[in-house]
Amino acid sequence: MFLFFLLPILTLAIMSLQSGDFFNGFVFTWNVGNYSRGISLYSEQYLHAIEYGGAATIVALLVAYPAAYWIAFHAGPRKSSYLLAVLLPFFVSFVIRTLSWGVLLADDGPLFGPLKSAQLLPLDFRVLATPVAVTGGLAYTFFPFMLLPVYASLEKIDRGLIESAQDLYANRFEVLRRVIIPLSLPGVFAGVLLTGIPAIADYVNQDLLGGVGTTMVGRVIERQFEVSLNYPLAAALAFVFMLGLLATLLLYQRIFGTEQIMGD
Amino acid sequence: MTDVSTRRPLRLGRFVLPAYTHLVLLWLFAPIVVMTVYGFNDTHGRLNIVWSGFTLKWFTDPFGVTALTSAVKTSLLSATIGAVISTVLGTLIALASHRYRFRGRSLLDAVMVMNIAASEVVMGAALLTLFLTANVPLGFLTIVLAQVMFSIPFVAITVRARLVGFDNALEEAAQDLGATPFSTFMLVTLPIIFPGVLAAALLAFALCLDDYVITSFVSGQTQTFPLWVYGATRLGVPPQVNVIGTFIFLAGALLSVGFSLMRGWRNRQLARESAV
Chain A
1 MFLFFLLPIL TLAIMSLQSG DFFNGFVFTW NVGNYSRGIS LYSEQYLHAI
51 EYGGAATIVA LLVAYPAAYW IAFHAGPRKS SYLLAVLLPF FVSFVIRTLS
101 WGVLLADDGP LFGPLKSAQL LPLDFRVLAT PVAVTGGLAY TFFPFMLLPV
151 YASLEKIDRG LIESAQDLYA NRFEVLRRVI IPLSLPGVFA GVLLTGIPAI
201 ADYVNQDLLG GVGTTMVGRV IERQFEVSLN YPLAAALAFV FMLGLLATLL
251 LYQRIFGTEQ IMGD
Chain B
1 MTDVSTRRPL RLGRFVLPAY THLVLLWLFA PIVVMTVYGF NDTHGRLNIV
51 WSGFTLKWFT DPFGVTALTS AVKTSLLSAT IGAVISTVLG TLIALASHRY
101 RFRGRSLLDA VMVMNIAASE VVMGAALLTL FLTANVPLGF LTIVLAQVMF
151 SIPFVAITVR ARLVGFDNAL EEAAQDLGAT PFSTFMLVTL PIIFPGVLAA
201 ALLAFALCLD DYVITSFVSG QTQTFPLWVY GATRLGVPPQ VNVIGTFIFL
251 AGALLSVGFS LMRGWRNRQL ARESAV
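For the record, the sequence lines run as chains A and B. Numbered according to our numbering, the first sequence spans residues 1 to 264. Numbered according to our numbering, the second sequence spans residues 1 to 276.
Incorrect hints may have been included.
Unchecked claim - Label pairs and their calculated CB-CB ranges: (1) B:L26 <-> A:D158: 53 to 61 Å; (2) B:L254 <-> A:P122: 40 to 48 Å; (3) A:E155 <-> B:S274: 22 to 30 Å; (4) B:F185 <-> A:K156: 52 to 60 Å; (5) A:R78 <-> B:A251: 21 to 29 Å; (6) B:L170 <-> A:T248: 35 to 43 Å; (7) A:S228 <-> B:V88: 19 to 27 Å; (8) B:G236 <-> A:E226: 45 to 53 Å; (9) A:I50 <-> B:L255: 53 to 61 Å; (10) A:G33 <-> B:L254: 50 to 58 Å.
Unchecked claim - Far from chain A, by Cβ distances over 10 Å, these chain B residues were calculated: (11) K57; (12) P62; (13) F63; (14) T74; (15) G139; (16) D167; (17) L187; (18) I192; (19) G196; (20) T222; (21) V229; (22) T233.
These are calculated hints, taken from the structure and not from any lab test. All of these numbers come straight from a predicted model, not from anything done at the bench. For each residue, glycine too, the CB sits at the ideal point set by N, CA and C.
Use the sequences and the hints to build the structure in full.
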């Protein structure tokens, strides 16, 4: 584990403090300037990432919770079939799924094309290349990471507790508010983490579904490495990003414990 | 059954929520349907967005794009090697962390959580800097190394879930009866944890096959299937991508439906046996 995880992170940290350029080589100089430059240049892209990733996490939670609730409490013997159905689309490569959303949401694609020729939508109506498409794509991509933990925690709830609440004259709304939702919170927290982190970091959805001005920080890091060849700056950007995520995670762990994340 | 609905029929549970859940499923399957349908699109331009008639020509010629075919081959090969290595290493980690409650255990947990939390972009960037610093040429080898790295935690977690409740005394008993450590592992430990190992291996294979972000950082000039498709978006994606995507989907779907049917059948059989 050390070799596979800590060593790369360590080299990343060292790289982030170097200066020089690709053709003359990089030298380690405690160049903290990479950090201040990275943050001041790309603060907008960091904010985009938090914005779209955060919105996508909320969308995924709102979409997943009622469905997970129904599968856990009402689907009866067909529970596992429904779970399988939720997972099946994710056998298709992630890039192809995102591309297909691009086709589906395209201005003259199968969804909006006919609506536009029927004059039900204005001609300049668009979803593709807007933050809405990016957020929707992110919520879609990481949906199972939300649904599965929420489902697991709902499924674990002792049905006797619900019956006792009903015997004590709780109405349906109160059962939901005072018993079911509090007991499902561990799953919700795990889901938020497992969806939120990759959604904030992702740049494929933004690249394929978003337009100019929706760039997220993940894309900046990738471009700096692959195109600008400014490794130290890219490393600094990545390192800041990781520290931010890690701080959030530690805060989270303080409050809820690791078991929720590891699932054991 | 402790199904709440049988005890107290709720209209919400009977009509609104099931309809809603099916709508969610529709949403989940929408891009899959688009992918499959556009594999039959008789498109002539580079863009496969506007429907222009039905054709089977892409399905009869799925390997018509040479670069795409070789990318698929690279993907299958690297995912297989990556899955095998990460399954072996991940299983060993799971066994070690189960058997010896060593002091490093919580550190191990922390590293695994961090690995998931670090996000793909950061891991890709970190591995790339490592390979650059160590002067490892980018290509097939670095792709496999990266895939092993990111799938190990998933393997370890999956196998460890299977190890919950595994009694170490079984291994001690085997050794008391004269089994060598190796034969103990092959005859006692492995058969018990095998379903977990198999599930972990399939998960690792799927993760390796599908990975775009980390692989794109460390791939150099080598193209895997997702990388090739992603690159093709600039020029227009050939319908063969839809066809191959449909095949991969069908293979995965058949495999998992088959597995779950088999499990259901075995559970029923076990229930029958225990009833006798």
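Hints versus structure:
no.: 1; hint: B:L26 <-> A:D158: 53 to 61 Å; verdict: violated, 33 Å
no.: 2; hint: B:L254 <-> A:P122: 40 to 48 Å; verdict: holds, 44 Å
no.: 3; hint: A:E155 <-> B:S274: 22 to 30 Å; verdict: holds, 23 Å
no.: 4; hint: B:F185 <-> A:K156: 52 to 60 Å; verdict: violated, 33 Å
no.: 5; hint: A:R78 <-> B:A251: 21 to 29 Å; verdict: holds, 24 Å
no.: 6; hint: B:L170 <-> A:T248: 35 to 43 Å; verdict: holds, 42 Å
no.: 7; hint: A:S228 <-> B:V88: 19 to 27 Å; verdict: violated, 38 Å
no.: 8; hint: B:G236 <-> A:E226: 45 to 53 Å; verdict: violated, 22 Å
no.: 9; hint: A:I50 <-> B:L255: 53 to 61 Å; verdict: violated, 38 Å
no.: 10; hint: A:G33 <-> B:L254: 50 to 58 Å; verdict: holds, 55 Å
no.: 11; hint: K57; verdict: holds, 19 Å
no.: 12; hint: P62; verdict: holds, 14 Å
no.: 13; hint: F63; verdict: holds, 17 Å
no.: 14; hint: T74; verdict: holds, 14 Å
no.: 15; hint: G139; verdict: holds, 15 Å
no.: 16; hint: D167; verdict: holds, 17 Å
no.: 17; hint: L187; verdict: holds, 27 Å
no.: 18; hint: I192; verdict: holds, 17 Å
no.: 19; hint: G196; verdict: holds, 13 Å
no.: 20; hint: T222; verdict: holds, 14 Å
no.: 21; hint: V229; verdict: violated, 5 Å
no.: 22; hint: T233; verdict: violated, 6 Å
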